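Colleague: Sequence positions in the sequence shown follow mature numbering (1 follows the signal peptide of the UniProt record, and there is no 0) and run -24 to -1, 1 to 404.
No wet-lab data here; the hints were simulated from the structure.
Note that this is a predicted model, so its numbers are computed, not measured.
For every residue, glycine included, the Cβ atom is placed at its ideal position computed from N, Cα and C.
Among these hints, one or two may not hold up.
Stated by the list, open to error - Distance condition first, Cα-Cα at most 25 Å in a straight line; then the derived SDA-like pairs of lysine to any residue:
no.: 1; residue 1: 41; residue 2: 324
no.: 2; residue 1: 201; residue 2: 212
no.: 3; residue 1: 22; residue 2: 245
no.: 4; residue 1: 20; residue 2: 46
Claimed, not checked - Each pair of labels, with its calculated beta carbon distance range:
no.: 5; residue 1: 298; residue 2: 207; range: 22 to 28 Å
no.: 6; residue 1: 271; residue 2: 37; range: 50 to 56 Å
no.: 7; residue 1: 194; residue 2: 253; range: 38 to 44 Å
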Amino acid sequence: MIMLTAFLACVMLSFGLGATSAWAEGEALQGTLTNNGAPVAGVKIKAFTQDGAPAGEDTSDEQGKWSIPVTGPGTYRVDLDLTSLPSGVGLTNNRPSLTPTVADGQARNVLFPLGPAGTSIGGGNQPGTKDSGPSTFDRFADLLYSGLHFSLIIALAALGISLIFGTTGLTNFAHGEMVTLGGLVTFLFNVTIGMPLVLSGIISVVIGAALGYFQDRAFWGWLRKRRTNLVTMMIISIGLSLLVRYVFLYFFGGESRNFADYNAQAGVQYGPFLIAPKNLIADAVALVVLAAVSFALVGTRLGKATRAVADNPALAAASGINVDRIIRLVWTIGGGLAALSGVILGAFQGVGFQMGFQILLLIFAAVTLGGFGTAWGALLGSLVIGLFIQISTLWIPTELKSVGALAVLIVILLFRPQGILGRRARIG
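Generate the whole structure from the sequences, applying the supplied hints.
Modeller: In structure tokens:
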């Protein structure tokens, strides 16, 4: 695994992905204002923190670009001054105030779709009127959808890590780097080589699945044959995670970057929800993949063999099941699911060297909450964690949203230690 990761990193460097500095350039809000492809200059943009304090402002330049550095990650309110729009130009979605969330080290793109005045859809504020920001209902609708979207991202990675734990007993802390690898490989093919994002994502998933297979064949399988205990293997996975993460940092750099395609895509109004089409497509892909894997576990011979190995490897081997082959298949599926999670996460919030590490704790929380080793539990736990993280920002600061989700995890496990769908196990 280390050799293959180093090889991919060298490929990134050869294509110019190496950064001059290994440290993050800082968080920012940015965007480009265009009207039918033509840049719109002189438009004022203001940013505010979650409690309403000014966070900065900027005016679009001759290329329609604007950028506002912010003090750290969190949710901000970004207002477009409608009175500064040129004559004959208006917002097509009537939403001059948006509430994007900036991740650690991310330069978050914020899109205000412009068009000829009078072509906006639905009601809303018009130029010359004062906007008080999005209503609580609008914020709730946005957070509800983003929570569902984030849940699917977590679920893809959580399902893989749950299957690996169920068949091997290994708690793999290097799984987050598989998520990161999915985003970085997609960035390599999409931005550096210039391939379409969809094709780049497919290549990334194939590479992730192949890496999952080969790392078990050459590394984890070898440790199992030497009867390495699970605690030692877990510690090895932590060290491997640190090593690979800083290899990514060295070659990719610390700043967050975006894919070339569908980077700033206007949202489409679906009732109370404003959703970018790319996110809907990503959701559909994630749902299809999750449903396919879940069905395969229940309705195919390989799925039944996988469940047999998870229940009792010795008995499964005695009944004629090739346990090593099943475990290798699980690692292959887990690697592909992690890479797909990285692709969707990169399209959602940008690509960074620690994007997988940043959600690793949430992945483990989802798996633990649902019940370790249960595929359906991983999906249910991801849904609870993802929704709570996003919706809780209505009442608590964005910086504390993960803390709130983990507090819910603790409370639930106090009453159901085995997780929501887990089975009680006898100890001693």
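Colleague: For every hint, state whether the structure bears it out.
Modeller: Do the hints match the structure? See the list:
1. 41 to 324: holds (21 Å)
2. 201 to 212: With Cα atoms ~16 Å apart, residue 201 and residue 212 stay inside 25 Å; holds.
3. 22 to 245: With Cα atoms ~24 Å apart, residue 22 and residue 245 stay inside 25 Å; holds.
4. 20 to 46: holds (16 Å)
5. 298 to 207: 22 to 28 Å: holds (27 Å)
6. 271 to 37: 50 to 56 Å: The hinted range 50 to 56 Å holds for residue 271 and residue 37, with Cβ atoms some 52 Å apart.
7. 194 to 253: 38 to 44 Å: Holds: the Cβ-Cβ distance is about 41 Å, inside 38 to 44 Å.
Every hint, counting from the list given before, is met by this structure.
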